[in-house]
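As a plain string of letters, each chain reads:
2 protein chains.
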Amino acid sequence: MKKEWNVVEVLSHSRHDWLNKIQLLKGNLSLNKIDRVKEIIEEIVHESQNESHLTNLKMQKFAELLMTYNWEQHHFRLEYEIVGDLKDCSEYDDSLHNWCIEFFSVLDHSIDCNNDNNLSISIETFNDELRFFFDFSGIITDREVVRNWFKKQRSEESFFQILDYQVQTDEMLVVLRLQSS
Amino acid sequence: MKKEWNVVEVLSHSRHDWLNKIQLLKGNLSLNKIDRVKEIIEEIVHESQNESHLTNLKMQKFAELLMTYNWEQHHFRLEYEIVGDLKDCSEYDDSLHNWCIEFFSVLDHSIDCNNDNNLSISIETFNDELRFFFDFSGIITDREVVRNWFKKQRSEESFFQILDYQVQTDEMLVVLRLQSS
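Residue numbers (my numbering), protein chains in the order written: chain E, 1 to 181; chain Y, 182 to 362.
Think of the hints as simulated: they come from the structure by calculation, not from any bench. There's no promise every hint is true.
Here are the in silico distance ranges between beta carbons for each label pair [claimed, not checked]:
#1 Y:214 <-> E:47: 22 to 32 Å
#2 E:156 <-> Y:286: 46 to 56 Å
#3 E:86 <-> Y:294: 32 to 42 Å
#4 Y:251 <-> E:48: 14 to 24 Å
#5 Y:326 <-> E:94: 43 to 53 Å
#6 E:159 <-> Y:329: 52 to 62 Å
#7 Y:293 <-> E:35: 45 to 55 Å
#8 Y:316 <-> E:16: 23 to 33 Å
#9 E:50 <-> Y:326: 42 to 52 Å
Just so you know, even glycine gets a beta-carbon here, dropped at the ideal spot from N, CA and C.
Generate coordinates for the entire structure from the input sequences, incorporating the hints supplied.
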């Protein structure tokens with residue numbers, strides 16, 4: 001079940017995120033750490049470009065999922081980075097969105113909720129190929145559940161190929177390849 | 182006709198607005214105008230609190246209209262300020278939203294599109310009363326159209342009372358009063 005966000009809610013959450021950054025700037029300014037302020041501004045700009053690149057991949061549902069995921073209650077935090085050329089990936093939007101919802105849910109139910117868990121997604125576009133690196137750090141309590149889920153995914157006909165998956169207690173790496181049609 | 186915004190579009194516009202503020206900070210930092218940077222941060226925080234107060238009035242459609250209006254092509258820019266106690270005004274949401282859409286449209290078609298036009302809305306809440314001040318500065322080319330529209334509004338039974346309206350060529354002030362049921 002995915003939440004439907006209205007405009008006012010989206011702006012409230014987004015404002016909250018931005019104000020955290022502004023507070024960080026304010027704090028460092030008051031300590032007169034001007035170089036750190038400049039660094040943080042560069043980080044903010046980089047993060048925004050990244051979000052803008054995600055938008056430009058033209059996968060609206062998938063982008064919405066990534067950009068709003070941390071606003072909901074989950075046991076891990078999500079971050080992402082887009083590397084490579086920007087291209088229109090709209091053909092994958094529905095399938096990728098649905099697949100990620102399921103994957104995130106399996107993961108969310110298999111990890112230690114008292115731990116600081118992070119899932120970092122790197123999306124790399126090269127020529128007609130798209131690769132996804134899901135890099136998890138945290139504590140996976142039900143490794144077998146996660147492994148079996150990937151085993152099942154790998155055995156099924158799909159819009160992507162699982163190049164690799166390694167599920168350890170304290171980390172997991174999954175690599176997907178999508179080929180343009 | 183009002184545009185329906187999706188989450189990705191809302192975040193794109195919002196990001197664009199925030200990045201303008203960040204650029205302003207960056208510019209002043211590079212000129213070493215630290216006091217100006219601190220001032221701008223205070224302005225940003227104030228603006229955000231204001232947006233948050235608008236949200237807390239619980240008029241979702243109306244809030245969305247104000248918060249997204251400048252993202253569309255119009256002949257005037259809109260700004261707003263909330264003054265007084267926060268209260269639940271949800272009972273007015275639909276009527277106020279519809280009335281503003283019509284008002285903004287009448288105004289948008291009656292002003293000089295080559296001029297720098299601004300509509301500043303001040304929403305004041307006191308006890309069980311809600312007052313709206315619409316303060317326009319710019320060039321109104323079709324004053325009679327705007328006046329006649331207000332004359333008609335005043336003659337009709339409505340959820341509000343028009344306490345005053347003054348339509349001049351280069352400014353307009355309208356004051357509404359809404360009474361809690």
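Review point. So which hints don't hold here, by number, going up?
Key: Hint check: nothing fails, all pass.
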